[in-house]
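So the protein lines, in turn, are chains C and V. For the first sequence, the working numbering begins at 279 and goes up steadily by one. For the second sequence, the working numbering begins at 36 and goes up steadily by one.
Hints in this document: simulated from the structure, not taken from any laboratory. You can take every hint at face value.
Ranges of calculated distance between the beta carbons of each label pair, as one might list FRET restraints:
#, chain 1, residue 1, chain 2, residue 2, range
1, C, S366, V, D47, 18 to 24 Å
2, C, E343, V, E101, 35 to 41 Å
3, V, C70, C, E343, 21 to 27 Å
4, C, H436, V, V379, 33 to 39 Å
5, C, P327, V, L374, 54 to 60 Å
6, V, C143, C, E389, 23 to 29 Å
Just so you have them, the derived chain V footprint on chain C, three or more residues with Cβ under 8 Å:
#, stretch
7, 328-335
8, 358-364
9, 368-374
10, 411-421
11, 428-435
Glycine included, C-beta positions come from ideal geometry on N, C-alpha and C.
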Amino acid sequence: MSVNRIYLASMGHLDADILEDLEEALTMHFGFETRRHPPIAEPEHAYDPQRRQFSAVAFLQQAVEHCPPEAVKMLTITERDLFIPMLSFVYGQAQLGGKVAVVSLAQLRQEFYGFPSDGDLLRERALKEMSHEMGHTFGLIHCPERLCIMSLSTNIRHIDLKGSEFCGGCRAVLRENTAVTRAGGSEVLAWEERL
Amino acid sequence: MKSAWEILVVDDEEIMRESLAAWLREDGYEVETACSGREALDKARAKEYAIYFVDLKMPGGMDGIETMMEIRRLHAEASIIIITAFATVDTAITAMKEGAQEYIVKPCNPAEISMLVNRIIKVKNLQRENAILRKKLSRQYSFHDIISKNPKMLEIFDLIKEIASLRSTVLIHGGSGTGKELIARAIHNSGNRADKPFIGVSCAALAETLLESELFGHEKGSFTGADQRKKGKFELADGGTIFLDEIGDISPKLQLDLLRVLQERSFYRVGGSEEVQVDVRVIAASHVDLRQAVQEGKFRDDLYYRLNVITIYIPPLSERREDIPLLARHFIERLSHELAKEVVDLSENALKLLLEYDWPGNVRELENAIERAIVTCRSKILTEEDFNFLQRSIEDKKGWTVPTHLSLDELERQVITATLQRTQGNIKEAAAVLDIDRSTLYERIKRYGIQRERLVEK
Ligand SMILES: [Zn+2]
Ligand SMILES: [Zn+2]
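In isolation and in its complexed conformation, chain V is listed as follows (with noise of 0.2 Å):
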């Protein structure tokens, strides 16, 4: 256990830094030096040791004190060790009261140095064996790279093992960023099917008559820039399994043509006349009610009931907030891998605060939150200060809440109201911040009468 643990001297004295390196080694530790506090902080960049020996007084721009400072904000957790002589221990009180771990007055016990070694060596072998088991607690909550303790997910996982060798349509449904994918695909893989094709199509991303010769594909010379039979996602995904994101924003011709294919198990290329038979699994997603939009009348009911033979409805982040420590360890680990920064953990302090905030975004939200984290971040541990970006909203937040008494219509008249008054009646601006289309802003203006010419004027 010892070696696996790295010790760094850092003192101007050439004798003193190695006879105590080689005294430590001899212990078994492996030890490295540096001559000055500017050498050790280029040294702690790259990795953390166990423990920091630091001279207190030091030639040259900085002092022991100023080196420990800089050390644990690199390395919050850091222990560290000031060494002085007897006519400074004042100063080594001042050290301690910095936040120095140990001091110790040189000539020192063999004993007492062994002994505070030791202790500390012992608390961190403690830490290391807690996040390994941290790990492997994570580990068991994994389903298929979805990562949950939450008695509704769970409830999920035990279904989608139950229905994952069906042939039955499966709806999906939640918030955006909540994983319908991950869900689809663990449906995939733990069926019969999980040798075959797994095709993800987006229906938000593509117009319609795009949309559907990816769907269906086509026949040479079908439309302009045909110039040549494409297959599409369902014969692509023949055998195997088909999913279709954001459903609830396809066309009505679509959605009859998708109704067809359910029904009839076959299809036409665009263009062609010849039908194609498929043995298609179908799973689709939406972050829309599409019960709503049967209602309103957008969307078939009959194709609704044949999509929604399972539905599986994934709770958003705010209602798993019990899930947030394992999904952000879990992003911590694999993000660091992938960016290449050693990123181990991240503290109490930030871990509160990413319980506190209300993910809009769900999971794909905080996976970017710790992303953003890990590249800005200049310790092995991620802090509160690394999350500020987060901070802020939570801030912007706190000064508004949510009124429970207006019309939607009356809500959005407000928000466009406020909006064009920060902006000073300024419209590109305001549909920036609303997001909207600068025509759909002024139908919006015109809608609700709200006077512009009085807003420019305050």
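Chain C on its own, in the form it takes in the complex (with noise of 0.2 Å):
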């Protein structure tokens, strides 16, 4: 019954066009058939007035909601700028070894910052998040390793200095947890399921 597919969608309006970049590196770090799934509207009653920021757990929600049943992974890209409630922002929310996460553009662009944009630089830190938010699904946790993809990055100085790969330990555990979901394995289900 497993098809083994990653499903790339964007939430809401895109400014960016670089699905089809994500796309490609997908299927290049994670080694599974990736395929566009058709955009998929902003959950309703996520943003907070106060914050004018969106909520996380909303579009996680969301996610959860259209996530095609045969989808190993679904990894959606948003323009909205999110948080948790405890946060004054995150770039993205994963489930911690579930299926869906979820990718902000807003504070990965220059404009955020005050300088011009600079869509090279979007393109690259979005990969990296994208690559960083995937690793949590597949079960993945913060790493030490400051030049790793799944270091914690706070600030967007540190997206920019880290590299976009997985360093040797992460990377074994990532191979261990593709196969495992490759071969069918049982996932643990993450909070926002239950939701």
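Two chains, two frames, some hints: make the complex.
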């Protein structure tokens, strides 16, 4: 029954034309067939007018609802600036060891910091964030190796500083976990699926 | 190292609680959540978390501050981070005064919270490493279950190694609870008899005739109830070691029998005429000074010299106070396991209290005290309060200094008079307090000419 396919989708309108690059990178990094999913609408009631940001939890939940049953993973991309109640922002969110992840482009854009827009830099950052969040869906946790893609970035400088690859340790875990996923092994149900 | 630590997130709001938990899990921590102060306490009772995130404002019963204080009551050294919204920073400052390690205003910068968590975990890792190091050290100070770094005790360990394989009799001298049997076992186990039996007999526990048959066995029909031939401890210990505890208490007849065994290496069973040959190493122990007993004519001098080939004197715990922390932690490790209660250490103040106390019952009393504290304690760390029962006896003593100008008789007279005054002349009660027979008490009252009637009138 498992088709072993990763889906990639935009959630809401995307200004950036980067889905094709992301699709290619997904195939390369994780070795699954990657397919484009039709655009998904933004979740309702995700906007917090006080914070002028969107709830990452609501976006993740929307992704869960639209995730095709045959998908091993689904990555969604949004332009919206995401937050969780505790934190001022998040670059993305994923179900640890689960199926879906969301990456926000808002704070990856140079414009956010008052600089002129830079399409190449945005693409590079988006690729890194994508790999990072996908790593979480494959069960990887943050890596103490500062240059590893799985190291926690709490500011944009660090995203630019770190590489776009998994370090040796993370790659080993990833290889093992993708093998399990490919074999149709059971996956941990993350909390968002219970919401 | 990270996944070894667990974090508890306490918040009534599910999205808040679960999204923070998910974020921390991505960082590699085991995270559990609780939706109320009550649930948090239930969880904290079951185990200790490295960090507690507690929301300040929770409806229904316990708010964040109360929850924090209750957690702290369970785990004195818990790291608690109070979460607050902007409007309540004042309350957060109160929280800090009440002992919150940190407070964070939500929403907070990911870098800030990440640094805060890392800093706390770093300290926890360091503390854990220290605990492991301490455990290693205490193992280093352990010799056949005897734990010490006291120079006199270390000398004893050396002596034991030296004499372990000899057949010479050993006399162990030490107050009750100093671990005389442990020393005897250490001698047995480090020598060439280690794979042969070690048989212990407490000479104080049995009446003379029973002890005799216990030691030497008896033939069938040798006395009422002896319906079978029975081997005695000496026969059972053949090839190995016999440990005779409280040897100062044995009767003159048994002293003679024992002397014969030591001289001839043979004896007769009670009611028997066949000589039984044994190869047994004798280790004897006494809490009374046998030399003095010899001088007073209560103990045979020839037996004393036979026993006293090698003498080991175990100092009381009050003379090896440096061992108290080692021993206390050793007992915590062993007893918490036996009692299936997770207790890992004791607080500085608790240790201070143990160091101050006099330990008349020596190591055994310390062991009992640790056991009692573990049974009643409510957190993973034993605190001063868990040793309240010792504190009372320290305070009792403070008001009283040992007089140094009285004869023992005079001291006894005063103690009996004072006790009778307290019990208002009630003999039964006074005898119980003094831990002597009523007949003995009557005899002393007569001997010292204490006038009971006068006491009662008072
Ligand atoms: Zn991450
Ligand atoms: Zn890594």
